[in-house]
Amino acid sequence: MAHQVHAYHMVDPSPWPLTGAVGALLLTSGLAIWMHFHNMTLLALGLILLLLTMYQWWRDIVREGTFQGHHTPPVQKGLRYGMILFITSEVFFFLGFFWAFYHSSLAPTPELGGCWPPTGITPLDPFEVPLLNTAVLLASGVTVTWAHHSIMEGHRKEAIQSLTLTILLGFYFTFLQAMEYYEAPFTIADGVYGSTFFVATGFHGLHVIIGSTFLAICLLRQVLYHFTSEHHFGFEAAAWYWHFVDVVWLFLYISIYWWGS
Amino acid sequence: MAAFGRFSQVLLRSSLTQTRRQLSAAAGHGEQSGKTWKILTFVVALPGVGVCMLNTFLKEQHHSHEQPEFVPYTHLRIRSKRFPWGDGNKSLFHNPHVNPLPDASKSQTQEHCANRCKHFVLVLISASQQLLRKRGFSLWFSANH
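Chains as they are written, first to last, in full-length UniProt numbering: chain U, 1 to 261; chain E, 1 to 145.
Bear in mind the hints are in silico, worked out from the structure with no lab data behind them.
Warning: the hint list may mix true and false statements.
[Stated by the list, open to error] To give an idea of the interface, some chain U residues facing chain E are shown, with a C-beta separation under 10 Å as derived from the structure:
id, residue
1, W34
2, M35
3, H38
4, M40
5, E111
6, L112
7, L131
8, T143
9, A147
10, H148
11, H149
12, I151
13, L169
14, A184
15, F198
All C-beta atoms in this analysis are idealised placements derived from N, C-alpha and C, irrespective of residue type, glycine included.
Kindly generate the complete structure, drawing on both the sequences and the hints.
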């Protein structure tokens, strides 16, 4: 049996970083080829490879942490730093799209009619579905906090209930946004208004779906007794990510839906 | 801004709480927090969602479902490159009822709307006729028995 005189995790060799990199390359180049030559092969290949990589890599991490005991306190600290840095990078990602929105909306060009919203655009009423969406996400922030406390206090059933409620609220948001997208009188091709609106809210929606998936995995793990009241970093990471998604929505709502209408 | 504060609070609180739990013998004070958030969920958060749902529903009813006049502005309905699906002219969430195409005139969406409405009205009429017939029969039945 191998012994180590330190608390850190020397990870076993793994093929997933390589398959992930190849998958990312195929996905990006496949996207470009689909846009220009209308062929989906590379895109589909890249997507499948990336999904398989994510499934297997994260499955390995769960095995290493939950069953093999590699996630000692210093290792967990490193994972916390990692998640915080990742979320920070996502903040900067969205910052770019907010920059684009404010660049175009603070000084609307003559081609748009010199006004914002541009001439001919009927924006969505911020006090209808967008307000409901805000309430849904804020509520999900409350339920995910309830879930966290339930886990810490060892209340298994309540943890499952509150986590399920959080995920359902996430699905409800996605459903409402999809309806809004279909009912909107403007499209992504409606000038810079359409571009900024759909790219910013679209990427946000993608992050809601990612966040809901992460929470769903946590629900599965909670049901399978992976989490203890002291050690449940996977859940904490999911909760942080979910709060981040909520905050991005609040900025979107105030900037694009409310001020921009 | 308040949400940001809350966000960072949660971040710090989670690691702090864990440390506190590890140091304290019994997590007596912890028992309360879960209950607090449960109460917040059912008394504030979910009713808040319900109120907003009601508000949306009521506002929807007040809507006039008229379409704004179609003007073929050059800064809208841009088609500098085909969409990579279908005929390349319709956006991903294209709704013929509210999204006029670049080559459209006012009549296109209105016509489509009129056809849809006609169809809907016809279905409604036939359904209500069937219902009345059934009702009529049941009334006659109860009157004679």
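Violations among the numbered hints, reported as their numbers in ascending order: none
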